[in-house]
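So the chains spell out like this:
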Amino acid sequence: MRVELQVNGRRAEVDVEPRCTLLDCLRDTLGLEGTHAGCEHGVCGACTILVDGEPARSCLMLAVQADGHELTTIEGLSLGPGELSVLQDAFCETHGLQCGYCTPGMILAAHALLARTPQPTRADIVEAISGNLCRCTGYGQIVEAIALAAERLRSANIKTGET
Amino acid sequence: MKPVAFDYVRPTNVSEACALLAGDDGARIIAGGQTLIPLLAMRLARPTRLVDIARIADLAFVRDEGEDVRIGAVTRQSVAERDPIVATKLPLLAKALPWVGHKATRHRGTVGGSIANADPAGEIPLVAVTLQATITVQDAAGSTELAAGAFYLGPMITALPEGAIVTHIRFPVWQEGRTGAGFHEVSARRSDFAFVASAAQVALDADGRCAALGVGIGGASDTPVRLDAVSEALVGSRLEETEVREAVVAATANLETVDDLHASATYRKRVAATLARRAILDARDEALGGRHAR
Amino acid sequence: MRLDIGGTQRIEAPIERLWASLNDPAFLTRCIPGCRSMQEIAPDRYAVHLDLKVASVGGSFEGHIGLSEKSPPEQCRISVTGSGTLGHGSGEARFKLEPAEGGTLLIYEGSGEIGGLVAGVGQRVLRGVAKHLVGKFIKAVRSELEGSAATTSAKA
Amino acid sequence: MGEVASFKYVSRKRRVREDRRFVSGQATYVGDVTPPGTRHAAVLTSPYASARIVKIDASEALAMPGVDAVVEGRELAAATDPLLIGVDAPLVKRYPLAVGRARYAGEWVAAVVAETRALAEDAREKIRVAYEELPFVLDAEAAYQPSSVPVHPEHGSNVLLDRPFVWGEVDATFAAAPHKLAYRVKWGRSATVPIETFGVVASWDPWREMLDVWASIQMPKFADQIARALRMPMNQVRVHQDVDVGGSYGVKRGIKHTVLAGFLSRKLGAPVKLIEDRLENMRGGDMHGPERTFDVELAFDGTGLVHAMRMRAIDNVGAYAGRSPLQLGKPVGAIVGPYRIEAVAYHAIAVTSNKTPQEAVRGFGQAPTNYAIETGLDRVAETLALDRLEVRRRNFIRADEFPYLIPSGTTYDSGDYHAVVAKTVKHVDWDALVAERDKLRAGGHLAGVGVASCLEPSGANSSFEPLLNPKNTTTTWMESCRIMVDALGAVTLTIHTTSAGQGHETLAATAAGEALDIDPDRMRVVRATSLESLPSNSPVGSRMAIMLGGAAYRAGQKLRDKLVAIAAHQWGMPAAQLHYRNGGAEDPATGRALEWPDLILIAHRHYHLMPPDMEPGLAVSHVLQVPTGGGLPSPDGRIQMYPCFSFEFHVVLVSIDPEIGRPHIHRYVVGHDCGTVINPDIVRGMTLGGIAHGLGAALLEEFAFDGEGQLLTQSFMDYLLPSAHEVPEVEIVHHVTPSPHTVFGQKGSGESGYLGAPAAISSAINDAVRPLGIRFEALPIRISAIGDAIARAKGLP
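Chains as they are written, first to last, in my numbering: chain C, 330 to 492; chain L, -18 to 275; chain G, 25 to 180; chain Z, 334 to 1130.
Honestly, the hints are just simulated from the structure, not real lab data.
Every residue gets a Cβ at the ideal spot worked out from N, C-alpha and C, and that includes glycine.
Take the hints with a grain of salt, since some may be wrong.
Claimed, not checked - Distance ranges between label pairs, derived from CB positions:
hint, chain 1, residue 1, chain 2, residue 2, range
1, G, S95, L, D6, 52 to 60 Å
2, Z, S392, L, A128, 33 to 41 Å
3, G, G30, Z, V482, 30 to 38 Å
4, G, E133, L, D45, 47 to 55 Å
As the list claims (entries may be wrong) - Incomplete in silico selection of chain Z near chain C, CB under 10 Å:
hint, residue
5, R353
6, R354
7, F355
8, V356
9, L467
10, L471
11, A475
12, V526
13, P527
14, Q835
15, N1012
16, L1021
17, D1039
18, G1086
Turn these sequences into a full structure, and let the hints steer you where they fit.
Right, dumping it as structure tokens:
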């Protein structure tokens, strides 16, 4: 089936089987391999992307369901080639990751949180990433990364939408 | 974990959807897909065609109709969670929605999908049973209303006729007195399937007596269960802790509970009484205006 | 995963008719949920094909049913094995029929093992589904024999 | 005290360079590797725990469009050699696909290759396999009985390993001891379960006769085992080690996956990609962890000093074994934990059963063993009504006793256990913590303080292999690093293994930078393929800080010496008189100096100025043998195991809602001493991550099987990894006792969180329920079990 997707601000025309999940379409058809498969049954959150700015599991969506939505993947958060967003940079600053496999999903969940709640409490942050499993970090440095990004965005007065 | 191959159609209205379902027992409805797609990935569900109703506009709404609030089946759970009508008119549903899955699944999952999926631990079905909601279903022949209390027959098993679609759910709005709601859930992890959940809504009259009470248990049995005996026992009382404790223990004495890897049947029965009590007392306190959660 | 089933149901039909029906492949094909065919391949041994559908979960099963230790019309033992895309299972159950006023008491007691995919991912709901399927079987038997739309006396 | 007292780069805050590619989604995991023409594989698994494979009919599958091949066990076994087994049991033959009989539910019976993964799964369903079910055994004690049904009849029994050890006067000490106690604890079958499953791409090129392999591995001697099994010379196997690995913590070995993919690629003449899905991984990925029962006896005196221990450990390794039984061997290297126990009898038993095989799991058996030891210390305190903290203090090895030889022949390098505990107790304000516990109890909750100390053997070594398998006399355990300075003065390091998030590139650069007095961030670190690699044993056993750090530092020293020699030659002076700094060399007497660019120019361009016997260019490398390694066990089973021992002391305050049974962790403090810290963020991440992993093993995670050998936790709906909600904020109290064996005094830190947290959390929960006379002696401790035990103790229904 032909489907027209809007990914990271760009139009993309794809031809996929109805059974193809949005996760597999992003990775295999569009080559956006920053989105990862962890369980393929909607629990681990490694496949998290943004759908109209809100986190969603791309393994729990069919590609054919995704037309007409604004999709954002980790590749869409970088400001430019080699240029990290404030949030991505904060993860590097606090080492909010180790193997990196859950990191794209974690950063997108955090991005959605900061867009809605510019000054999140620790409880807000923990709730926002509770749907993203990480086996390496024990979450501590991830929470610190998100809090640091919130702080930097506030002081730099950048509207979170543009991070 | 790639699904079997299937067709995909996107009807523009309900009757078209019903027509597509009629006479094709390989067709399945998809709305949010948050439970169906894992079943597809595991090849437990093997449809030949998916009928996507997620974009049928006249199934996506939250409408205050005085007597009740009517919620369209494909209303996203996150939309209901942020809807002011739900917040003010359906305090119990508003309190239960944050417990449904994760933020990411609530953004795609629908209210009707959760109702129809009938997971024994489903929070929305529990609220529907507790508040004695009515579920409107439609098939090629027309639409009928089913009482939530008679809708759930077993785990993931409902009275939804073959080839029918849930179109909307009517949650009664409690008019009289001051109402309060309470919701408690126990699971291994904060966002998991509940071992036990309890939802309670209470209305108090002018001098603090219980004018109406609804309490239900989810996750403990094969279906959500409304503890009618508790309503009968406590309406008219002041919902003192000891009265509430006795009523819930009596009402759960022969509750059939599930024994599985994560929780024993005795655990589920015992904790059902505990959570029912806590939910009722929270609801009472909220109705009294005191924000004193147990 | 081990499943235990058991219960007592009142069927408004004489014991001989109930016994005959429970031994009639055509009757059983109509009553066993999802049963598509039941061919006798040896005395009291049948090859069965089931297309089970519970909620959105469905799968086809190939298997065998064996009846044994028959003492008509009171008692018989039924053994079931099967496998398919959803997994595999086997089970034993003992049926006892006792005449009761206005019908017959059908007393059943048995246990089964379910394995494979459905046990691996569905342990949470499997027992409830099995209980529901047994209930559907009883309901089908009742509606076949009692003709009128029977009310289920006990929750299956 | 380590060779370099004050450091310029070591121990300083430095961003982990690998993070940039991860946060931008630019990393390359094996799932992202798809050479042109790649075909996709899926595996068909046995539904039964034990069954003869009567017939496999793949005709319908092969007839489907896009399907290339279906392969079964016999064909594969004819073309490959059995996979290695760590113990001396050659008749326990293991191939990637079952041969003749399936030995556990989920074992791979056939593999199907098709144009896409979806088509391979469609085809898999059309393969008809006739099975004849056979008797099976699931319980370890049952399998240990000679009468049990052998999983491998050719082997004759289910016993893979049955080795008693006695170190010191055990019986005499027990006889003389005023107090004795015995207890049993069970470590449930859990594992590391990384978020990325195992995956491999194998691509055979018949023209170059080269098998390229990309795989998600953390595996010593990976290329050796692949080449050996595929009967290929090892220089025909090129393992690409620049594949990012999505977490491993031990389990990502994947030999059977890679041998299968390699075989299929050679058969089809096309690249073959096998990415396990989660269902395949959980049941048949062979990545379960230890499932171990300990029967322990302790002999102790009235003051709580434990003098002797008897420990029987039996592990249910499942249907096959690679190195899993050796996880009973490594703990020998810290069998007394941080305590001065003088005599130990240890009986190590590994048995096969019809369950999924195990793989190496974080700590390689140390976490279960530590849980058993720490439970004992709590019991001693309880028996004598002494404080659990005080009993530990009395039993700790004192700082002045290092290096300390333990009964099983290992010498602990260094430590100051009392100092770490004192710091931790002060930070947590122990008395206030106990008071808070009692306040919680008064408020109607059950509450408990848990303590546990743990040693993290680090540096790794092979010595448990000869200890448990005399035919294996491997004593070399090495790591290597190469440094090359190009003609324009840029520094490039080469490391020779894959990584799974441990920050090895940052580690190597930091160590080399310290040696060369050059900012590590100016260096590039690349990974060699297996064909270009110097010897390496990959990141296992908390070894890389010690071994890669050491190899990089030594290589840096060689480079520094070469630069000084070049400078010395220009001035006709002995090198020893020159002072090296910042890449250049200075004659302190005259103040003249040759800087980095000058020396590069000479080394690369001006041969005429080079010392006569020196090779042109600037390329050095070092292969480091593990310190204290290289010996073979003594006849009575004494051997120096790992070289360095980190120490942790965990303190946990937990409360339990008595009606619900759910534990809530109020405070979690850990005192942590892993010697000199090379990168603070990496070490902190390892500690926090290890504790979260340990919390999972203590409360949530188990591969549960039913009575028919069916795995009931095949998805993440039932195998529960801790989310951000479940992991408390952890306060780390830092201490440094350098190791004498390593260049900076560093020790390992990758495992200790996981080695101590299960024991500490179990100690806290048991302290909470002790007033009700309840004891939990098995992990995981589920909410339901706690709730039911409390109800029973209170006589409730």
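Hints, one by one, checked against the model:
The hint said 52 to 60 Å for the Cβ distance between S95 (chain G) and D6 (chain L), and at roughly 40 Å that hint is violated. Between S392 (chain Z) and A128 (chain L), the C-beta spacing of about 53 Å breaks the proposed range 33 to 41 Å. For G30 (chain G) and V482 (chain Z), the Cβ-Cβ distance of about 31 Å falls inside the hinted range of 30 to 38 Å, so the restraint holds. Against the hinted window of 47 to 55 Å, the Cβ-Cβ separation of E133 (chain G) and D45 (chain L) comes to about 53 Å, which satisfies the hint.
Here the hint on R353 (chain Z) is kept, as its CB sits about 6 Å from the closest CB of chain C, short of 10 Å. Taking 10 Å as the C-beta cut-off, the interface hint given for R354 (chain Z) holds, the closest approach to chain C being about 7 Å. Of the supplied interface hints, the one on F355 (chain Z) holds, with its beta-carbon coming within about 3 Å of a beta-carbon of chain C, less than 10 Å. Look at V356 (chain Z): its Cβ gets to within about 4 Å of chain C, closer than 10 Å, so that hint holds up.
For L467 (chain Z), the shortest C-beta to C-beta distance to chain C is roughly 32 Å, which exceeds 10 Å, and the interface hint is violated. At about 26 Å, the closest approach between the beta carbon of L471 (chain Z) and any beta carbon in chain C exceeds 10 Å, and the interface hint on this residue is violated. Taking 10 Å as the C-beta contact cut-off toward chain C, the hint placing A475 (chain Z) at the interface is violated, the least distance being around 33 Å. About 7 Å separates the beta-carbon of V526 (chain Z) from the nearest beta-carbon of chain C, less than 10 Å, and the hint is met.
Against a cut-off of 10 Å between C-beta atoms, the interface hint on P527 (chain Z) holds, since the closest Cβ of chain C lies about 6 Å away. Of the supplied interface hints, the one on Q835 (chain Z) holds, with its beta-carbon coming within about 7 Å of a beta-carbon of chain C, less than 10 Å. The beta carbon of N1012 (chain Z) is positioned within 10 Å of a beta carbon in chain C (closest approach about 9 Å), and the interface hint is therefore held. Satisfaction of the interface hint for L1021 (chain Z) is found here, the shortest Cβ-Cβ separation to chain C being roughly 4 Å, below the 10 Å cut-off.
With a least beta-carbon distance of about 21 Å to chain C, the hint placing D1039 (chain Z) at the interface is violated under the 10 Å criterion. Using the Cβ-Cβ criterion of 10 Å, the hint placing G1086 (chain Z) at the interface with chain C is satisfied: the shortest such distance is roughly 7 Å.
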